[in-house]
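To convert, count from 1 in the sequence shown and add 135; that's our numbering.
What the hints contain is simulated information worked out from the structure, not anything from laboratory work.
Pair ranges (Cβ atoms, derived): (1) R165 <-> I141: 18 to 24 Å; (2) F152 <-> L174: 18 to 24 Å; (3) I181 <-> F152: 27 to 33 Å; (4) T160 <-> P182: 38 to 44 Å; (5) F142 <-> I162: 20 to 26 Å; (6) G168 <-> I141: 16 to 22 Å; (7) P182 <-> T155: 33 to 39 Å; (8) I141 <-> H164: 21 to 27 Å; (9) M170 <-> K137: 16 to 22 Å; (10) P182 <-> F161: 33 to 39 Å; (11) I162 <-> P182: 32 to 38 Å; (12) I181 <-> F142: 17 to 23 Å.
We treat Cβ as the ideally placed atom computed from N, Cα and C, and that holds for glycine.
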Amino acid sequence: IKVSLIFALEPVFAALFAWTLGGETFILHRAFGGMLIFLAILISEIPIEKLSFVKIFRRQ
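Start from the sequences and build out the full structure, keeping to the hints where you can.
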């Protein structure tokens with residue numbers, strides 16, 4: 136596991152721990168923000184050669 140992935144997910148883990156251990160309220164926009172962070176990390180880990188729209192732009 137890359138260390139950058141763990142560091143990038145730090146806000147998500149902080150929110151989860153605050154909700155479970157700290158008694159914070161679970162708000163939908165916080166969950167949506169956490170999902171956006173997680174999705175961005177997953178997308179950033181995909182090799183650029185495997186993205187189909189990149190292949191289309193390179194042909195031109």
